Amino acid sequence: MIRRLALRLASSVATLVVLVSLVFFLIMATPGGPAYSILGAHASPEAVAALNRQFGLNVPVWRQYLLWWWHLMHGRLGYSFVEHAPVGALLGSYLRNTVLLDTLALTLAVSTALVIGFLQGARPATPSARLIGGLQIAVYSLPVFFVGTALILLFAVDHPWLPPGGIGGAGGFRHAGLADLARHMVLPAITLALPLAAGLSRYFGHQVRQEYRQDYVRAARARGIPPLRIAVFHVLRNAVRPLVTVLGMSIPQIFVGGVLTESVFNYPGLGWLLWRSALAEDYPVVTAIVLVIGALTILGNLAADLLNTALDVSVRYE
Amino acid sequence: MSAQDPALVVEGLTVRAQGLAHPLVHDVSFTVGRGEIAALVGESGCGKTLTASGLLGPLAAGLQRTARVIRLAGNEITGLSEGALRTLRGRALGMVFQNPMSALNPSLTLGEQIGEVLRVHTGARGAPLEREAARLLACVEIPDPERALASYPHQLSGGMRQRALLAIAIACAPRLLIADEPTTALDVLVQSQILALIARLGAQTGMGVLFITHNLALAAQYADTVLVMYAGRLVEAAPAQAFFQGPRHPYSRALLAALPTLAARTAHRLPDIPGEAPAAHAIVNACAFAARCPRADAVCRSQVPPLSGDTHRFACFHPEESS
Ligand SMILES: Nc1ncnc2c1ncn2[C@@H]1O[C@H](COP(=O)(O)OP(=O)(O)OP(=O)(O)O)[C@@H](O)[C@H]1O
Ligand code: SF4
Ligand SMILES: [Mg+2]
Numbered sequence: 000m001i002r003r004l005a006l007r008l009a010s011s012v013a014t015l016v017v018l019v020s021l022v023f024f025l026i027m028a029t030p031g032g033p034a035y036s037i038l039g040a041h042a043s044p045e046a047v048a049a050l051n052r053q054f055g056l057n058v059p060v061w062r063q064y065l066l067w068w069w070h071l072m073h074g075r076l077g078y079s080f081v082e083h084a085p086v087g088a089l090l091g092s093y094l095r096n097t098v099l100l101d102t103l104a105l106t107l108a109v110s111t112a113l114v115i116g117f118l119q120g121a122r123p124a125t126p127s128a129r130l131i132g133g134l135q136i137a138v139y140s141l142p143v144f145f146v147g148t149a150l151i152l153l154f155a156v157d158h159p160w161l162p163p164g165g166i167g168g169a170g171g172f173r174h175a176g177l178a179d180l181a182r183h184m185v186l187p188a189i190t191l192a193l194p195l196a197a198g199l200s201r202y203f204g205h206q207v208r209q210e211y212r213q214d215y216v217r218a219a220r221a222r223g224i225p226p227l228r229i230a231v232f233h234v235l236r237n238a239v240r241p242l243v244t245v246l247g248m249s250i251p252q253i254f255v256g257g258v259l260t261e262s263v264f265n266y267p268g269l270g271w272l273l274w275r276s277a278l279a280e281d282y283p284v285v286t287a288i289v290l291v292i293g294a295l296t297i298l299g300n301l302a303a304d305l306l307n308t309a310l311d312v313s314v315r316y317e
Numbered sequence: 000m001s002a003q004d005p006a007l008v009v010e011g012l013t014v015r016a017q018g019l020a021h022p023l024v025h026d027v028s029f030t031v032g033r034g035e036i037a038a039l040v041g042e043s044g045c046g047k048t049l050t051a052s053g054l055l056g057p058l059a060a061g062l063q064r065t066a067r068v069i070r071l072a073g074n075e076i077t078g079l080s081e082g083a084l085r086t087l088r089g090r091a092l093g094m095v096f097q098n099p100m101s102a103l104n105p106s107l108t109l110g111e112q113i114g115e116v117l118r119v120h121t122g123a124r125g126a127p128l129e130r131e132a133a134r135l136l137a138c139v140e141i142p143d144p145e146r147a148l149a150s151y152p153h154q155l156s157g158g159m160r161q162r163a164l165l166a167i168a169i170a171c172a173p174r175l176l177i178a179d180e181p182t183t184a185l186d187v188l189v190q191s192q193i194l195a196l197i198a199r200l201g202a203q204t205g206m207g208v209l210f211i212t213h214n215l216a217l218a219a220q221y222a223d224t225v226l227v228m229y230a231g232r233l234v235e236a237a238p239a240q241a242f243f244q245g246p247r248h249p250y251s252r253a254l255l256a257a258l259p260t261l262a263a264r265t266a267h268r269l270p271d272i273p274g275e276a277p278a279a280h281a282i283v284n285a286c287a288f289a290a291r292c293p294r295a296d297a298v299c300r301s302q303v304p305p306l307s308g309d310t311h312r313f314a315c316f317h318p319e320e321s322s
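Going down the list, the protein sequences come from chains A and B. Count the first sequence with numbering that gives the first Met the number 0 and you get residues 0 to 317, in order. Count the second sequence with numbering that gives the first Met the number 0 and you get residues 0 to 322, in order.
Chain B stretches covered by chain A per the calculated footprint, using a threshold of three residues with CB under 8 Å from any CB of chain A: (1) 81-89; (2) 99-109; (3) 112-119.
From the derived model, a few chain A residues whose C-beta atoms are all more than 12 Å from chain B: (4) Met27; (5) Arg62; (6) Thr106; (7) Phe145; (8) Pro163; (9) Gly176; (10) Ala279; (11) Leu290; (12) Ala302.
Per label pair, the in silico range of CB-to-CB distance: (13) Thr102(A) - Ser43(B): 50 to 56 Å; (14) Leu310(A) - Gln244(B): 55 to 61 Å; (15) Ala181(A) - Gly82(B): 44 to 50 Å.
Since the hints were derived computationally from the structure, they do not count as laboratory data. Just so we're clear, the structure is a prediction, and the values are computed from it rather than from any experiment. Note that CB positions come from ideal geometry on N, CA and C, so glycine has one too.
Make the full structure from the sequences, and use the hints.
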């Protein structure tokens with residue numbers, strides 16, 4: 000157990016090191032060198048030369064690599080010449096907004112998936128289960144832009160019940176009270192949650208159906224265990240476990256969906272910032288966001304894996 | 000209910016599948032006495048499992064049971080509602096299945112699984128429940144019951160798992176135990192240990208046992224009664240001694256003749272008899288065994304032989320000589 004934990008931790012750290020190094024070498028490999036990736040593609044040669052001197056970019060690569068780690072470990076993610084602010088300070092509130100939105104969307108998606116997947120898996124042969132199956136495929140393949148725009152048109156324009164985007168309050172990303180923030184989060188959260196809920200519920204439905212076919216369920220029925228108890232204590236319990244792994248694996252999907260969703264709704268999160276910084280060629284910000292999202296993905300997978308280890312007491316059905 | 004009532008009396012048990020004109024199990028009648036072991040044998044697909052699950056259910060979707068009489072320890076259960084039947088399952092009737100690997104939930108401890116059936120049927124809770132669970136494990140001769148209670152199925156050997164399933168099956172002191180090929184997945188030595196244990200438990204408590212098996216050697220060793228099924232019907236039913244000394248139905252005779260010695264302990268399946276059994280629902284007006292029977296004649300091909308006789312019953316127009 001301890002050994003397995005240590006191994007898993009070590010592999011996460013290794014992945015992180017690879018990620019950070021990869022980003023470093025990508026920057027080094029940018030045509031014209033790192034100065035361009037800091038100043039942007041249209042920087043003047045004088046500015047590039049000045050920057051190289053200022054940041055010590057003319058020292059050997061290995062020293063730069065070590066320096067890169069040194070700065071990262073001190074939370075120095077670079078300086079945005081577009082925003083005229085250190086990147087680290089800039090990311091904070093965007094990161095918070097994204098975490099809020101993603102957590103809400105994830106909660107929505109998982110709870111929907113649990114309910115729908117169970118109904119579908121417990122009675123797979125009914126017309127309603129087939130209808131759900133069709134809807135899942137349809138919803139899963141709807142593009143975020145389409146869903147987002149449709150929701151805005153329906154619930155913000157035609158029936159102006161909810162704000163069409165942004166986060167309210169002043170200054171773009173400072174919200175005006177929790178209630179107002181929540182109102183702003185409803186549509187983007189639904190947009191982000193829908194395809195995730197479709198995929199997860201389909202998977203969970205399949206899992207529930209598989210569990211219901213197991214011999215131990217037949218045996219439990221034969222010993223007079225009531226159906227509700229079989230559903231909750233046996234089937235759900237065993238079907239939820241693999242869902243944790245799938246959830247861990249869908250974290251990148253959440254971030255990618257997040258970039259699109261935040262852009263459609265002008266929601267000031269990391270995804271939105273990434274999109275805007277890419278357009279503005281604000282490379283230090285783009286780099287930092289890639290690092291943060293990468294690190295979050297690794298962390299999420301690690302958490303899913305640890306949770307699974309805690310749940311997983313046995314090799315099943317050997 | 001009196002002490003003399005047999006553990007099980009079945010008359011006219013018939014199981015039909017939706018969409019099939021003829022039943023899968025046809026008009027089966029037999030009795031299992033208190034403390035007795037009745038061995039139900041027959042080729043794969045002849046309807047043994049359906050006969051067993053036709054008693055109390057639950058039957059798979061699309062299957063339907065009818066019966067004139069099904070009495071468990073004197074209590075009539077035909078006509079009971081599904082809810083009433085459910086309270087009897089696991090309480091008045093215990094079940095042990097073929098595969099001890101998969102009949103336990105892999106993610107619950109033995110203690111949780113024995114506890115569940117006790118809690119559901121007896122309402123026991125807390126410390127008395129745990130004591131009772133440990134006592135049951137000791138009953139089925141699992142060493143170190145306290146530790147076994149905390150183990151998961153995968154931590155136990157096949158034999159131990161089957162013992163644990165047996166403990167669950169007898170937890171509520173049922174009047175009848177159905178053991179559906181309980182030892183097929185186990186090795187030879189363990190098979191006979193489990194059977195000996197079942198026989199001991201039956202003798203101690205008066206619980207009747209319906210033992211479904213492909214292993215005639217085990218049947219010869221432990222059964223009091225032998226029931227032979229063929230294509231959905233009972234074709235011979237007799238006290239074990241009479242049966243093994245002189246089977247009357249040509250099918251039974253062929254089964255025994257193909258068995259090298261009664262002590263042959265390896266048989267996981269019935270010996271091969273040339274030809275193939277027809278599906279139960281395919282036979283209309285003929286003896287189902289006619290196509291494979293050396294004694295078959297025109298009569299056999301034009302009507303179904305009735306099961307007749309007193310203590311030794313068989314369904315054949317031209318039975319083997321009794322010896
Ligand atoms: N739910 C069902 N619907 C339709 N036919 C069924 C169903 N369950 C079983 N049968 C058929 O009924 C017949 C008897 O099945 P059963 O499981 O009772 O056989 P068995 O004697 O227990 O065989 P085995 O020794 O292989 O366990 C088989 O031909 C089987 O295909
Ligand atoms: S009735 Fe005829 S065919 Fe059937 S077993 Fe007897 S002799 Fe054979
Ligand atoms: Mg069977």
